[in-house]
Amino acid sequence: MKVRFLSDSETSCTAVIEGISAPFANALRRVIMTEIPVYAGKDIIIYENSGPLFDEVIAHRIGLVPLTTPKDSSEDSKSVIISVDVAGPSMVTSADFVSEDPDVVPTSDGFPIVKLGKGQRLKCNIEGVVGYGKDHTRWQPGLASYKNYPSIVIDTVQCNLCGSCIKACPRALIQKDGDVLTVVDAGSCMFCRACEEACAQSNEKSLISVTPLKDVFIFMVESYGAMPAKDLLSTALMVIENKARALDQNLSGA
Amino acid sequence: MSEAFSTDDEPKMYKCINKECKAELSLADLENVQGVKCPFCGGRVLIKLRAQDGKRVSCE
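Protein chains in written order, with this note's numbering: chain A, 67 to 320; chain B, 191 to 250.
For reference, chain B alone in the conformation it holds in the complex (with noise of 0.2 Å):
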């Protein structure tokens, strides 16, 4: 996998589900390709990944 769009301090927000690939995306990658797609191995289908913090849901 190539770390050459990656910046580290960006949060990584999307995954590529390529099961070879698997690159955890953040924004600015998918600024650096045109549509939406995993800039290393091309795969079209990108889920969105949880945040670190985690997501406060009301029990009601």
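Isolated chain A (complex conformation) (with noise of 0.2 Å):
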């Protein structure tokens, strides 16, 4: 098995895995997005509002703000305390929550919550639990994707050359490098199949064949804040294991 990181930043991440099937791909990226407990509000306790949007708009806003959340919780991780007392007139972001732990804590400043007019005013006190994503999309942590990786074969014994997949392919893959077809960046393909299309009809049959491969993917791990999008990746991967360690168990008590 290999892995190689095509991109890695804080908020997303590609990798080429080698030597996995489409069925463990798909069970790691359903977990990315419904089985890592991450924290979000789960209730909001109003003293004041006096603002234009209800109680439950407000509540539903609130929730949906994505929180920091370290990599070592699990759903026996204690509730956090989140105040917010704003008064108008101002905009109500998620800059003006104060998190009694500073673990727990919006992942950008930048949310809308309601903007208050003058005597207006938002007293609350918001609930952070922690949550699975299969419960509500507030607890989902990021995206996660995959595609099979492509192999692009071309024939440069009988290729003439002609050029028409060059201008066929709508994202440039296939380049003429002196007397020979060359492709570049394989992994960008989206599988049109419009290269092996033109080829045909500029000649008798195909000399370019995409087929995607059956055991390496092109995984895509994009993260919402609460965590790295690696972590995402790692922490799939102990949720996966500690579910099989668990059956394990049963099986060898039954």
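Please note that a few of the clues may not be correct.
[Said to hold, decoys possible] Here are some chain B residues pointing at chain A (derived, C-beta under 8 Å):
hint : residue
1    : Glu200
2    : Pro201
3    : Lys202
4    : Met203
5    : Arg246
[What the hints assert, rightly or not] Which chain A residues stay away from chain B? Per the calculated CB distances, all over 10 Å, these:
hint : residue
6    : Ser87
7    : Arg95
8    : Glu101
9    : Gly107
10   : Gly129
11   : Lys213
12   : Pro216
13   : Gln241
For the record, the hints were derived by calculation from the structure and aren't laboratory data. Built from N, CA and C at the ideal position, the CB exists for glycine as well.
Two chains, two frames, some hints: make the complex.
In structure tokens, the structure reads:
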């Protein structure tokens, strides 16, 4: 099994993973989106709300603000109280959230909640608890997707360098390098097969074949900020490992 | 503002919006007048006050 990162930042990462099956890649994708424990607002206790939005609308908006989550958090982690007390005229944003735990804070200061006019006030406490994306989207830590790595093979012996495939490729992945055609950045191929069709029209048969490799995947993870994208991958693997271990213990006890 | 009707142990649930009155009223205060109106100024528009211990709202 091989892993090669194409890009790696705090909010997103892309890796080429060799030697895994499609069911395993899909399990990893689903666990990342639904079974990683992260903090989000569960309930809010409103003491004063004289602004233009109803309590329920404000609660809904606050609940969707992603909160940073320590990597070792679990279902048993204690709840965190975040207090908000803003008097108008001003815009209430996530920058006004004052958390009792410095490790559990909004991922960005720019989430708008409500615009208060003169004499209006919002005072509330947010109860942040650990939850799972399978219960509500506010506990979803990010997005994950994958696709098969493409294999683009060009029959360079029979190719007459007509260039029709170069014009046809919407992502300009095929280039002329001297008297041969080369493929640059094959991972960007979207399997449209326009090159195959163009080649088949110009020649008797297509001299290009684009096929998905069955055990090589390009895996993309985008984090909403609760934890770094790379940590989402490792936490998801830990969740799968714990599930497998629990099943094994139950099987041996049965 | 008169305190004739008000009893301290009753929770205040309503507020008169008359700018010159702004009396906070309990249910007992309202029972002592005919109809729904402020017993102090006669104002007919009352707003409900928020409970002191806060209102719990689910983020769903």
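Open item on the list: Hint compliance check: list the failing hint numbers for this structure, sorted ascending.
Closed with: Hint check: 1, 2, 3, 4, 9 and 10 fail, others pass.
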